[in-house]
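There are 2 protein chains.
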Amino acid sequence: MSIRFPVLAAAAALLGITMLPTESYGDEGMWLFNNPPRAQLKQRYNFDPTDAWLDHLQKSSVRFNSGGSGSFVSADGLVMTNHHVAAHDLEKVSTFEKNYLRDGFHAKTNAEEIKCKGLELNVLQTIKIVTDEVKASVKPGMSAAESFKARQAKIAAIEEAATDEKNHIRADVVTLYAGGQYHLYTFKRYTDIRIVFAPEKQAAFYGGDPDNFEYPRYDLDVAFFRVYENDKPIKPEHYLKWSPNGSQEGELAFVSGHPGRTSRQNTVAELSYLRDPGYPYLLQRLNRWEVLMQAWGGRSERNMQRCEEELFSIQNSRKARSGGLGGLLDPHLFGKKVAEEKRLKEFLAKQESTEKTKWVADAKAAFDTIAKAEKVRAEIIQRYTMLEAGAGFNSTSFSIARTLLRASEELPKKPGDRLREFGDARLPSLKLNLFSDAPIYEDFEMLKLADGLSFLATTLGPDDELVKQVLAGKSPRERAFELISGTKVRDVAAREKLFAGGKAAVDAAKDPMIELARLVDSASRAIRKRSEDEVEEPKRQAYAALAQARYAMDGDKVYPDATFTLRLAFGTIKGYTEDGKKVPAYTNFAGLYERSKEQGNKGPFELPKRWVERKSQLDLKTPFNFVCTADIIGGNSGSPVVNARGEVIGLIFDGNIQSLVLDFIYDDTIARAVSVDSRAIVEALRKVYDANDIADEILGKK
Amino acid sequence: MSIRFPVLAAAAALLGITMLPTESYGDEGMWLFNNPPRAQLKQRYNFDPTDAWLDHLQKSSVRFNSGGSGSFVSADGLVMTNHHVAAHDLEKVSTFEKNYLRDGFHAKTNAEEIKCKGLELNVLQTIKIVTDEVKASVKPGMSAAESFKARQAKIAAIEEAATDEKNHIRADVVTLYAGGQYHLYTFKRYTDIRIVFAPEKQAAFYGGDPDNFEYPRYDLDVAFFRVYENDKPIKPEHYLKWSPNGSQEGELAFVSGHPGRTSRQNTVAELSYLRDPGYPYLLQRLNRWEVLMQAWGGRSERNMQRCEEELFSIQNSRKARSGGLGGLLDPHLFGKKVAEEKRLKEFLAKQESTEKTKWVADAKAAFDTIAKAEKVRAEIIQRYTMLEAGAGFNSTSFSIARTLLRASEELPKKPGDRLREFGDARLPSLKLNLFSDAPIYEDFEMLKLADGLSFLATTLGPDDELVKQVLAGKSPRERAFELISGTKVRDVAAREKLFAGGKAAVDAAKDPMIELARLVDSASRAIRKRSEDEVEEPKRQAYAALAQARYAMDGDKVYPDATFTLRLAFGTIKGYTEDGKKVPAYTNFAGLYERSKEQGNKGPFELPKRWVERKSQLDLKTPFNFVCTADIIGGNSGSPVVNARGEVIGLIFDGNIQSLVLDFIYDDTIARAVSVDSRAIVEALRKVYDANDIADEILGKK
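So the protein sequences, as listed, match chains F and C. Sequence positions in the first sequence follow numbering that gives the first Met the number 0 and run 0 to 701. Sequence positions in the second sequence follow numbering that gives the first Met the number 0 and run 0 to 701.
Honestly, the hints are just simulated from the structure, not real lab data. Note that this is a predicted model, so its numbers are computed, not measured. It is possible that some hints are incorrect.
Chain copies aren't distinguished; within one or between two, either way the pair holds.
Said to hold, decoys possible - Heads up, simulated DSBU-like pairs for lysine-lysine below, C-alpha to C-alpha not over 35 Å straight-line:
1. K596 with K608
2. K473 with K341
3. K686 with K601
4. K335 with K509
5. K97 with K580
6. K473 with K335
7. K686 with K581
8. K335 with K467
9. K349 with K473
10. K467 with K349
11. K374 with K467
12. K596 with K91
13. K371 with K473
14. K413 with K374
15. K528 with K374
16. K581 with K97
17. K41 with K349
18. K363 with K473
19. K467 with K580
Could you build the full structure based on these sequences and the hints that come with them?
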């Protein structure tokens with residue numbers, strides 16, 4: 000469940016700007032496919048990946064735009080990922096009577112496969128370096144705001160030129176090394192994705208939130224989708240074959256996936272921001288939402304079904320962020336970051352005395368620029384979170400209403416002048432999301448909005464003029480009732496009509512939720528602009544300068560911070576020692592039954608019915624989950640783990656609790672990535688789920 | 000579960016100062032036994048309570064110093080209260096193998112009854128008005144700090160003179176009307192309390208946190224204790240008889256219990272403080288702790304047993320405070336409070352023009368004094384919470400260590416010069432608590448302290464000098480491990496020795512937790528002093544002035560805000576209408592089985608095994624819970640509900656969600672007190688629990 004990249008807009012707000020590391024060590028690194036760690040692999044493992052090996056792995060890898068990773072695993076377009084990556088899609092197609100998220104799903108024929116709502120998969124095709132082109136758009140003498148606008152316009156133009164909608168080619172200019180480099184990624188874009196198989200959640204997420212981020216584990220966190228085009232399963236040119244014998248302790252393993260975000264090159268000023276106001280404030284919100292949904296979900300099974308996917312997401316982020324905060328509060332670890340920064344500063348000091356180049360001066364100034372930006376960030380974080388990140392209007396209805404309002408204002412503008420999310424290249428994805436007919440539950444919306452309005456009122460103060468206008472003389476609860484029951488935006492047809500009708504239609508609609516979005520929009524845009532001009536853009540430039548300085552210092556022994564783009568990680572399958580106790584690398588099926596017994600077979604530790612019934616048929620020695628030292632983070636969920644022959648040996652689904660510091664610093668003493676073993680998947684498919692069809696398909700026997 | 004008076008020190012910190020109302024209406028009022036609502040009862044119900052009736056009810060009523068109410072219900076010292084009031088005591092005598100909190104308990108003989116650890120019961124004997132004496136201790140020209148000290152010294156002296164330790168007479172000077180009056184209460188104090196009966200928690204707290212503060216309800220929230228002296232059950236002079244026929248809709252009902260705290264006479268400035276920083280900050284802490292304990296408790300049954308009582312307390316406070324905050328954010332309700340204040344100000348304005356008395360000027364100045372104090376309160380709340388309220392050192396071990404340290408410093412002083420909790424009159428209770436051998440779990444302590452230190456570090460900042468000294472170069476987790484595993488204060492014998500040895504022994508102990516308490520004590524005392532001098536004392540004087548003004552305005556139609564002293568409330572048994580739907584006054588046993596079915600008999604809605612087995616023997620029409628309009632609040636948990644003949648018809652255990660605004664304003668439209676019906680208690684004792692012995696004892700048949 001744990002390491003999906005959190006797409007909670009409000010939660011992710013203003014956290015993390017990306018950068019590059021100084022020196023890597025051990026099995027460190029989330030490497031670009033166009034700059035793989037050849038030297039490290041040669042030196043540590045005497046392994047030389049060929050270009051074909053890399054190309055095959057790249058094109059077999061799949062990005063779930065809902066926030067995870069996956070891979071093609073059959074000639075007929077079967078995609079493997081985690082159950083928890085699939086969870087949101089399972090929920091969207093479930094009803095109270097047919098709860099696929101809870102009970103699992105298995106399509107025995109293609110005809111039974113269920114089409115997902117609003118899911119988009121991307122497969123990386125080409126990478127082109129466009130750094131010079133993008134950088135040239137910023138002219139000397141431009142203000143920060145002008146630089147930002149000029150760069151955005153150039154990026155939009157490059158993306159537009161490379162987009163080929165007819166052939167479903169999506170193009171994104173990816174910012175790497177915090178603006179040190181820009182790469183143009185083209186993706187094959189798939190939007191007809193169908194659900195083939197998912198186990199019951201109790202098997203996939205066995206141990207629930209209590210065992211999340213812990214090890215040993217016993218989770219069958221797997222799901223299969225099939226990709227369609229023109230109503231037929233695709234025949235991918237590249238897909239991964241299954242390892243015939245699984246893996247063994249000490250073996251070299253590769254992970255190909257999409258780590259969402261790391262903050263390894265953050266300056267001490269930025270880390271201090273995160274440690275002091277940033278993470279504590281985020282955790283405060285996560286705690287608030289977790290308690291809200293736990294309490295409401297507890298009132299009835301129906302409520303729980305409506306909120307559980309969001310609740311799990313929140314619990315997961317909460318655990319991840321507490322772990323990260325724990326790392327930041329560890330003076331030993333924080334001291335390392337301080338020492339790293341000192342080393343860079345000393346390097347810069349020496350440069351100045353030997354050669355006078357602009358980047359040295361820029362890099363030296365960068366520390367102060369970032370510190371200043373962090374001060375502004377601390378100052379605006381609450382208002383930004385409430386308004387632009389929408390925590391004060393927490394509901395899907397509000398998000399839709401605001402998207403409709405802003406679309407009516409942004410789309411008539413030139414692409415380069417629009418808010419980033421309305422750029423031409425992003426429009427197909429935006430529409431897919433906006434017109435999704437995933438259910439939106441009125442009662443759950445009411446709960447969240449009432450809480451959001453109450454959060455807004457207590458954050459800005461009930462006597463704040465904007466708050467007064469938002470509440471319109473009512474209590475948060477009354478106002479939420481009025482807005483949610485009054486708006487029409489939950490009707491997909493109404494949304495399509497308003498979107499198509501543009502500004503005139505949106506203005507004429509007099510929809511209360513759109514009017515609310517309108518009421519707060521100038522304040523919301525103003526705080527966003529401040530964030531862009533005084534936080535994001537100065538930091539982007541400062542980190543780019545530091546990136547250059549680090550290049551100068553450490554050469555090319557570097558990989559960029561994670562950005563939810565495809566990366567290659569590597570490591571060894573091995574256990575670790577915790578409080579003097581050995582934790583073995585593998586668990587097995589027998590361990591699942593023992594854990595259940597030990598916990599009284601209750602709540603998150605209750606065995607799924609099928610697993611009780613089929614126990615005698617299972618080979619209990621089958622390896623279930625395993626750990627390795629590969630460098631992963633949220634977003635890597637669903638990444639294939641392959642051996643040196645590029646064959647599937649596992650499926651990443653979590654990191655242990657000690658890996659939560661990987662956001663800031665790599666560690667392979669006890670931090671580990673956690674995977675489902677490929678052998679467990681086949682054994683369970685055959686013996687627990689009667690899914691020989693899928694087992695045969697991934698083993699190429701069909 | 001809900002309306003126990005929260006004794007969470009950190010949670011209750013700085014919230015609520017007490018005052019008196021202007022006008023009562025309907026069934027409003029938490030009346031003093033020495034000023035009962037004779038006029039209201041006569042007028043509304045044509046009922047004249049005799050002095051004997053009142054005296055009998057008063058002396059049958061019991062205060063649980065752990066934070067609840069109860070009553071004598073047999074000639075052999077049997078005391079009835081709620082299961083949730085008893086929960087902490089059940090937990091203390093439970094082991095992992097014998098879990099009385101979860102599974103229930105029934106002593107078939109006196110010999111089987113289990114002695115509680117550290118529980119004290121008080122029975123109010125006499126009330127004497129000492130207002131003049133206390134007020135005379137404050138001389139004109141004294142500063143706020145001097146006034147506070149002089150008054151404390153006088154109160155300590157009065158309490159000391161009235162205390163009769165040999166005869167177990169405890170004396171407390173009680174502050175009423177925010178200092179408008181001082182009453183000397185003497186109590187019979189009982190410390191040998193034994194557990195006689197408790198149902199399983201699942202029956203007592205059926206529906207769990209989801210149904211807490213909701214109605215309809217189906218809870219058998221009852222427990223019985225027996226009071227001993229000299230190792231024999233006492234024969235109380237007063238105890239309540241059972242109503243032979245229960246009650247019926249429309250009947251007049253009385254509640255005699257100990258409402259903990261109300262804030263009905265708070266000025267708008269104080270209510271604004273509570274609405275803006277106060278409650279949101281408290282809820283933030285409660286959310287934090289709830290999530291911490293849910294996650295840890297979820298890891299294993301053993302963990303859950305260790306934390307569940309504290310977790311329930313937190314969830315309960317969280318729900319209560321969210322309800323209160325909801326009321327404060329309701330402009331209609333807040334408007335009423337503004338209007339009330341305006342009326343008082345207008346009255347004062349008129350007074351000035353007619354007569355020049357000091358109280359008019361004082362009352363006029365009081366509004367500003369309070370507003371100023373609230374500003375200071377907002378300024379110091381975080382530091383106060385961390386240090387003096389101990390949220391930064393969240394653990395029982397730290398509380399004990401600090402008590403030992405402060406006792407060694409305070410006890411050598413004159414009683415009047417000591418911190419209030421070390422006054423001579425309070426020492427027996429303090430010792431009972433300090434030397435209790437209730438289990439303190441090392442792992443749970445570690446969890447809470449690590450979280451507390453982390454909270455401290457992020458609140459004051461990890462670079463704060465005091466924080467650095469507290470953490471001593473370690474992470475919160477490492478430091479918590481060192482402190483908890485290193486301290487000896489969890490050993491009762493060690494505590495007793497240190498307490499007896501005084502300052503020399505405490506200084507020589509070099510116990511790491513005591514040294515931590517010493518390290519922070521001057522900062523902690525300083526912030527407490529600021530709170531006393533700049534918040535509590537000025538407010539006490541200002542509210543006293545306002546109290547006088549309100550007397551002048553409204554005469555004696557007044558009752559003081561709740562102060563966890565014995566009060567009489569009254570009302571009618573009746574249902575209400577919610578969202579156009581009728582909610583009947585009574586539920587019955589049949590409803591319990593329906594609720595379980597509707598919720599899939601899962602989690603908090605699972606029927607206890609005994610109730611499944613005995614269903615066929617039960618009269619399913621037996622009334623189970625009922626609601627009435629009596630004016631109650633947290634602390635009233637376990638209060639007996641009696642009819643006009645003084646016979647038990649029910650047992651208060653909750654308020655509905657609409658009653659959560661009662662903290663600030665009485666309402667009888669839909670706010671209701673929730674009770675267990677006396678008939679349900681007898682029927683369940685006989686048919687579900689085979690406890691005919693107890694049923695016979697309370698019905699006087701034994």
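Verification of the supplied hints:
1. K596 with K608: Close inside one copy (14 Å) and across copies (20 Å); limit 35 Å.
2. K473 with K341: The answer is between: 21 Å across copies meets 35 Å, while 54 Å in one copy does not.
3. K686 with K601: Classified as both; 24 Å inside a copy, 29 Å across copies.
4. K335 with K509: Cα proximity of K335 and K509: across copies only (33 Å, versus 56 Å in one copy).
5. K97 with K580: The answer is between: 30 Å across copies meets 35 Å, while 44 Å in one copy does not.
6. K473 with K335: Close across copies (14 Å), not inside one copy (52 Å); limit 35 Å.
7. K686 with K581: So K686 and K581 pass the 35 Å test inside one copy only (31 Å; across, 53 Å).
8. K335 with K467: Intra 48 Å, inter 18 Å, cutoff 35 Å: inter-copy only.
9. K349 with K473: Classified as between; 34 Å across copies, 63 Å inside a copy.
10. K467 with K349: The answer is between: 33 Å across copies meets 35 Å, while 57 Å in one copy does not.
11. K374 with K467: both (28 Å within a copy, 23 Å between copies)
12. K596 with K91: both (34 Å within a copy, 27 Å between copies)
13. K371 with K473: between (39 Å within a copy, 29 Å between copies)
14. K413 with K374: Intra 33 Å, inter 50 Å, cutoff 35 Å: intra-copy only.
15. K528 with K374: both (16 Å within a copy, 33 Å between copies)
16. K581 with K97: between (43 Å within a copy, 32 Å between copies)
17. K41 with K349: within (33 Å within a copy, 92 Å between copies)
18. K363 with K473: between (53 Å within a copy, 31 Å between copies)
19. K467 with K580: Result: close only across copies, 31 Å inter versus 58 Å intra.
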